[in-house]
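Given only the sequences and the hints, what does the whole structure look like? Please build it.
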Amino acid sequence: MKCALVRTDGRVAHTERHHTLAEHGPAAVVERILDVAEGLAGKARADGLTPLAVGLAVPGVVDEATGRAVWSANLGFRDVPLRELVTARLGLPSALGHDVRSGGLAEARLGAGRGTRHVLFLAIGTGIAAAHVVDGSAFAGAHGAAGELGHAVVRPDGPRCGCGRLGCLEAVASAAAVGRRYTALTGFPATAAEVVTRATGGEETASLVWRETVDALADGLAIAQALYDTEVVVLGGGLAEAGADLLDPLGVALRQRLTFQTEPRLLRAALGDEAGSLGAALLALDAMNRP
Numbered sequence: 001m002k003c004a005l006v007r008t009d010g011r012v013a014h015t016e017r018h019h020t021l022a023e024h025g026p027a028a029v030v031e032r033i034l035d036v037a038e039g040l041a042g043k044a045r046a047d048g049l050t051p052l053a054v055g056l057a058v059p060g061v062v063d064e065a066t067g068r069a070v071w072s073a074n075l076g077f078r079d080v081p082l083r084e085l086v087t088a089r090l091g092l093p094s095a096l097g098h099d100v101r102s103g104g105l106a107e108a109r110l111g112a113g114r115g116t117r118h119v120l121f122l123a124i125g126t127g128i129a130a131a132h133v134v135d136g137s138a139f140a141g142a143h144g145a146a147g148e149l150g151h152a153v154v155r156p157d158g159p160r161c162g163c164g165r166l167g168c169l170e171a172v173a174s175a176a177a178v179g180r181r182y183t184a185l186t187g188f189p190a191t192a193a194e195v196v197t198r199a200t201g202g203e204e205t206a207s208l209v210w211r212e213t214v215d216a217l218a219d220g221l222a223i224a225q226a227l228y229d230t231e232v233v234v235l236g237g238g239l240a241e242a243g244a245d246l247l248d249p250l251g252v253a254l255r256q257r258l259t260f261q262t263e264p265r266l267l268r269a270a271l272g273d274e275a276g277s278l279g280a281a282l283l284a285l286d287a288m289n290r291p
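The sequence shown begins at 1 in the numbering used here and counts up one residue at a time.
Read the hints as simulated data drawn from the structure, not as lab findings. From the three backbone atoms N, C-alpha and C, an ideal C-beta is built for every residue, glycine too. Check each hint, because a few of them may be wrong.
Simulated DEER-style distance windows between Cβ atoms [as the list claims (entries may be wrong)]: (1) Pro189 to Arg290: 46 to 56 Å; (2) Leu52 to Leu185: 48 to 58 Å; (3) Leu185 to Thr15: 33 to 43 Å; (4) Lys43 to Asn289: 22 to 32 Å; (5) Thr205 to Asp47: 44 to 54 Å; (6) Gly164 to Arg257: 18 to 28 Å; (7) Asp35 to Ala142: 25 to 35 Å.
Following this line, the structure appears as structure tokens:
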């Protein structure tokens, strides 16, 4: 659990990391969140700062309008009124958002997409998810589940995804999928970062796996561009650490797949693992300033 005290101008004053206690069940996670938030507010006051609002970002399906964590596999949440619980504990305005949408919001307003009206943030890590940000607002969809680009089917005969379907983008091109594919072909375990290093070094199998990954991501982004018509695609998450080794071939592959669509600029995320905390802070400030 990444936590931060963020000033109103976006500067980070203090950061902390805490274990979620997810192994003890959702009630323990909620209590942990409340305790950590209360501790951060106390830290702010001790440092001469005044806590103004609280922002939270969690994975899964989030109803931002009601402040409820509707569903989260990792944390075990089922319709948890997190915003209400935090406000009751701290007595401060609160906001609840989705972790990837919050990261996308921060990248669009403070990071790589700053100054751009239409931004798609694509987080490629253990899984894949996206956030569509227009004029500084991230769209959650009618049910809080917008942006699940990782579950667009790009290889109908591909591996089974955790969602149960075959060939989802996440099952083919996430960082976890890269390692699994390499291991399946060679019999040797490897991380995505190791596969990239071996591919750039000319290893044949690693190069094959990396080409397959780039092609699948290009197919996913071609779908996204047809739907969203964005100016900029910001790539974040562990796989984006590959930098030019990802962005350069991905740009070429995406260009080959676009017909009448305008090609978006591909940029590497600028805020690193602070994006989620910064996005949660932006949600909190927005909530505080909302009439």
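Going down the list of hints, with the structure as the test:
no.	hint	result
1	Pro189 to Arg290: 46 to 56 Å	holds (49 Å)
2	Leu52 to Leu185: 48 to 58 Å	holds (52 Å)
3	Leu185 to Thr15: 33 to 43 Å	holds (39 Å)
4	Lys43 to Asn289: 22 to 32 Å	holds (24 Å)
5	Thr205 to Asp47: 44 to 54 Å	holds (52 Å)
6	Gly164 to Arg257: 18 to 28 Å	holds (27 Å)
7	Asp35 to Ala142: 25 to 35 Å	holds (33 Å)
Violated hints: none; the structure is consistent with every hint.
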